[in-house]
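Number of protein chains: 2
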Amino acid sequence: MKELPIHIQLHPESDKTLYEQIYEFIRDEIRAGNLLQNEKLPSARFLADSLQVSRTTVDMAYGQLVSEGYLEARARKGYFVDTFEELYAIDGVRKPEQGGLKNRKEQISIRYDFSPNAIDMRYFPYATWKKITKNILVDANSRLFSLGEPQGDLALRTTICRYLHGSRGVNCAPEQIIIGAGNDYLLLLLEKILGRHVHVAMEDPTYVKAYKIFRSCAYPISVVPMDENGIRVDCLRRTDAQIAYVMPSNQYPTGIAMPIGRRMELLKWAAEEENRYLIEDDYDSEFRYKGKPLPSLQASDSAGKVVYIGTFSKAIAPAIRISYMVLPYPLLERYRSGCAFYSSTVSRIDQTVLNEFIQDGYFERYLNKMRKQYREKHDLLLNELKPFEKAFDISGGNAGLHMLLTDKKGRGEKELAQAAKEEDVKVYRMEDFRMGENTAEHKTADDKAVLILGYGALTPDEIREGIARLKKAWKLE
Amino acid sequence: MKELPIHIQLHPESDKTLYEQIYEFIRDEIRAGNLLQNEKLPSARFLADSLQVSRTTVDMAYGQLVSEGYLEARARKGYFVDTFEELYAIDGVRKPEQGGLKNRKEQISIRYDFSPNAIDMRYFPYATWKKITKNILVDANSRLFSLGEPQGDLALRTTICRYLHGSRGVNCAPEQIIIGAGNDYLLLLLEKILGRHVHVAMEDPTYVKAYKIFRSCAYPISVVPMDENGIRVDCLRRTDAQIAYVMPSNQYPTGIAMPIGRRMELLKWAAEEENRYLIEDDYDSEFRYKGKPLPSLQASDSAGKVVYIGTFSKAIAPAIRISYMVLPYPLLERYRSGCAFYSSTVSRIDQTVLNEFIQDGYFERYLNKMRKQYREKHDLLLNELKPFEKAFDISGGNAGLHMLLTDKKGRGEKELAQAAKEEDVKVYRMEDFRMGENTAEHKTADDKAVLILGYGALTPDEIREGIARLKKAWKLE
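First to last, the protein sequences are chains V and X.
According to the working numbering, the stretch in the first sequence is residues 19 to 495, in order.
According to the working numbering, the stretch in the second sequence is residues 19 to 495, in order.
To be clear, the hints were calculated from the coordinates, so they are not data collected in a lab.
Treat the hints loosely; a few may be bogus.
Which copy is meant is left open, so a pair is good if it fits within one copy or across any two.
To be verified - As a list, the in silico DSS-like pairs of lysine-lysine whose alpha-carbon atoms are at most 25 Å apart:
id: 1; residue 1: LYS390; residue 2: LYS493
id: 2; residue 1: LYS390; residue 2: LYS152
id: 3; residue 1: LYS230; residue 2: LYS210
id: 4; residue 1: LYS152; residue 2: LYS95
id: 5; residue 1: LYS490; residue 2: LYS404
id: 6; residue 1: LYS227; residue 2: LYS152
id: 7; residue 1: LYS439; residue 2: LYS404
id: 8; residue 1: LYS426; residue 2: LYS408
id: 9; residue 1: LYS149; residue 2: LYS210
id: 10; residue 1: LYS227; residue 2: LYS210
id: 11; residue 1: LYS149; residue 2: LYS493
id: 12; residue 1: LYS387; residue 2: LYS58
id: 13; residue 1: LYS149; residue 2: LYS95
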C-alpha cells in the first residue's frame, strides 16, 4: 500500500518534546488542508524508522491526534485523517420522529447549525476511555458479565454520590441512587414509582422531551408561567399538580437561575402535602460562566421532597447511556416495595468504565477542559453578537451552551428563522419549546419573537461565519 | 513475587499441540485441586522460558483457560486460578426485593441450587468478546460515541432480523425491530405503545416478572388456565383481554410446546378484534433436546398480530443488556407517531460488539457448544432422576434448562422444598410461578405439588451430588 510521505523536520534542541513536534506538525498539516480527509498516514513503525525516533514517540503523537479527533485508527488498516465534518453536531440535531434518512440529509444541508443541544466531542479523551475499557476487560471475570444490582453497582453509586455532594451539594446516600440507561428510561421508571393519575406541572417553556414523556404516561399536565425568578409558585398553587418538574439551576431554554427565595417557596409548596414532590432535572449544571455556581435545589431540601435527576450524556458523551436519579426516602421505599424487580439497564462493564473514569480524575480534567472551551466560545459569541444589540435583547448567557435573542422590532420567529435558513444557518425558535396544545392559552399578543442560538458544537470559525451570515440575513448592517 | 512452580512435561511427538498440552495440564491441575483458587500462575514469559516454547504458545493456553473460566487475568498482576464457586448461579437467584447483602449470604449458604434461571457462563468466550471490543474501540471514532437511532443501529437490527428468520422463522424487516436494554425495558416501552387501560391475559403459571411488570403498569390481568397444549383459548375468550402474553415454544415454567392447532386458535382470537395482540416471549428458544424445534408463533402470523420479544441475556450473558422486540406494522405506526422520541437505551459500542459477535459466527459456535453442554446435563439429570419415578412424574425435559417433578404421594411443595433445604439443596416450587392474588381461585383441592429443578449452572458433579442429597431428603431409598 502506498503510504503518504510526511516530511517532518525534528528539532532535538527545541523546548518541545519530539512527540509534541510530531503531533503539532501533523495537526497543522491537517488544519492547513495539506492532509486531506481519509488520507492514510505512514504506519507508526515506518514513521519511527524514517525519523529515527522510538516507536513509542510516534505512538504517543498518533494517540493524541486520535484522541483529539484529527486521526482515526482503523483496526489492521492504520491511521487515517478523520472526517472533520462528522465531528460536529453530534447530538440533538436529529429528530427521530422524522425518520432517519430524510432527516440526515437535511442535517447535512444546513451548514451552520446553532443547536442548543449539540455538544463538542472533539476534546473527548477517546484514548483514555478506550484504555480504561481495555484494562477492565483484561481484569474482567465472569462477575462482570453477570447481571448487576437493579439500582446499579454500589461502587459507581458511591462515586456518583460523592461527586454530587462535592459539585452540587446534593445530600444523599448511595442507596438512594438509581442508575439507568438515560433520562428517558429513568422517567419511565419514576412513573412506576409515582403511580398513575399523577398531575404534573411544568415550566413554560420547558424541555419538550420531558413533556412528551409525561404525556405518553398519560399524566395530566399543567403549564405554569415563569417570571424572571423562574416558575411562578402562585400560579402553581392554582393547579391540582402533585409533581412539579423544574430546572432550577439553569432553566431550559430560558437560562433562568432560580434564586433561593423562589426555591424556598417551591419547597414549601411541596412540603404542604404528603404526595407532592419536585423533580429537579439538573441536566447541565457543569457549565456556568458568570457568578457562583448555584447548588442544587435538592441541597436545600430537608423534607425529602426532591427527586434529583442528572446525566453523563451531556458532560461526557451522548453514547454514555448512563443517567442517575436520587430518590427521597419515601419514594425509595415505594421503589423497593414495588419496582425493585426491574433489572438494571446498564451493563456492569459500562458502569465499571465510568466509575474508573471519574475516580481516576479524568472526568474532572475533561470538565475543566470543556468549561474552558465553552467559555471561550461563549465569550466569542457574545462579542460577535454586539452588532445585534440594537435589534435584539441578548440573554441566557450565564450558563449552559446557548443564548437567547429577543426581537425588539416586532418581527416573527418564523420569519427570522426562515431568513437565517436561506443563508444556510439554523437557529431555533422559542415556539418549539412551548408545550403543544397548551401554547395558545399562554401566548399573549405581545409575546416577542425569541430565537435560540446554541454554540456547543461549533468551532470558533463557524461561530464567526454563522453570525456574519445571520447579520446579513437579518439586515443588521 | 513468588511464583507457583509448574512442572509440565511436554511431549513434542504427541498428536496434541504444545499449546493444548499446556492448557490441558493446567486445567487438570485445577480440576484435581492441585492448583487452588486465587493461586498465582507463573507469568507467560517465565513459563515460556522454562518450557522452551514461544510466548505465543503460552498466551494461547492461558487465553483458553481464561475464556473457560479456569483462570482469571488481573491487569498488571498476572493470571490467577479463578474462584470456581462464583461461576454458578449467575442469574435469577438473587431476589432484589430482599436487599443485596442479606440475600447474598443466603445464596452462598445453599450449596446445590437447582435454579431454573441460572445459566452456565463457564464456556462463554470471554476472550473473543474482549478481542472484539478491543478492535472496535481501536476503530472507534466519534460516531460510535454519539447517540444512535432510537430503535437501535440498523446494522444490528439487520443482523437480528436475519438471525430470527433463519432460526425462528420470524418474518420481519429491520425497521420493525426495536433494540432495548433488557426485556423489562422493552415491556415498559410496549406499554407506551399499547397505551393505558389494556387488559392482559397471562398463562397460569407464568413468568412472574412479566406479571409484576404488567401489574406495575396497572393493567388489569386475567389469569388463564392451561391444558397440555398450552393456554386454553376457550377460557381466554371468556375474559375481556385485548393482549395475551404467551410463551408458545417452551412455556415457562411448564415446558409445554404449543402445537400448531392451538396456535391457530390463538391467532384467530387475536385477528377477531382490531386492538387484540399477542406478545410472544421467546425467551430461550435456543435450547431444545427432543423433537424438531418449533418455529415461532410470529412465523404463522399473517395478520400482524404478534409482538415478538427475545433477549441475548440467556443465550449470551446476563450482562449483555440487549433485547429486541419485533413490532407488527400497526403497532410500529403507533410507536413512530407516539414513542419514537425515547432515546435508545443501548450504547452504540455495545451494539457494534454484539453485531460482530453474531456476524463473525461466534454466536452460532457458542450456541452449538452450549446446546451440547446443556444436553449432556439434561441427559445426566434425567438419568439421575430414574429412582424418583415411583414418587414423581418427570416432565418438561424437551427444551430449556429445567425439569418438573410432580408429586404422586400427596406431599406438599413446602414440605418437600424444606426437606431439600435441610440437605443444602434448593429446589423451586410451582407455587412461586402462580400469580399473586389470583392463586386462590385457580387452585383446586387436587392440585399436586410440583417442584422445579434447573440444571443450567450446575456442573455434572454437582447435579449428581445434588440429586443424591434430594434422594436422601425425600426418602427415596
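These are the hints, each one checked on the structure:
no.	hint	in the structure
1	LYS390 with LYS493	neither (32 Å within a copy, 75 Å between copies)
2	LYS390 with LYS152	neither (29 Å within a copy, 31 Å between copies)
3	LYS230 with LYS210	both (16 Å within a copy, 11 Å between copies)
4	LYS152 with LYS95	both (20 Å within a copy, 15 Å between copies)
5	LYS490 with LYS404	within (14 Å within a copy, 88 Å between copies)
6	LYS227 with LYS152	neither (35 Å within a copy, 34 Å between copies)
7	LYS439 with LYS404	within (21 Å within a copy, 78 Å between copies)
8	LYS426 with LYS408	within (8 Å within a copy, 91 Å between copies)
9	LYS149 with LYS210	neither (38 Å within a copy, 39 Å between copies)
10	LYS227 with LYS210	both (18 Å within a copy, 15 Å between copies)
11	LYS149 with LYS493	neither (51 Å within a copy, 57 Å between copies)
12	LYS387 with LYS58	neither (29 Å within a copy, 41 Å between copies)
13	LYS149 with LYS95	both (20 Å within a copy, 16 Å between copies)
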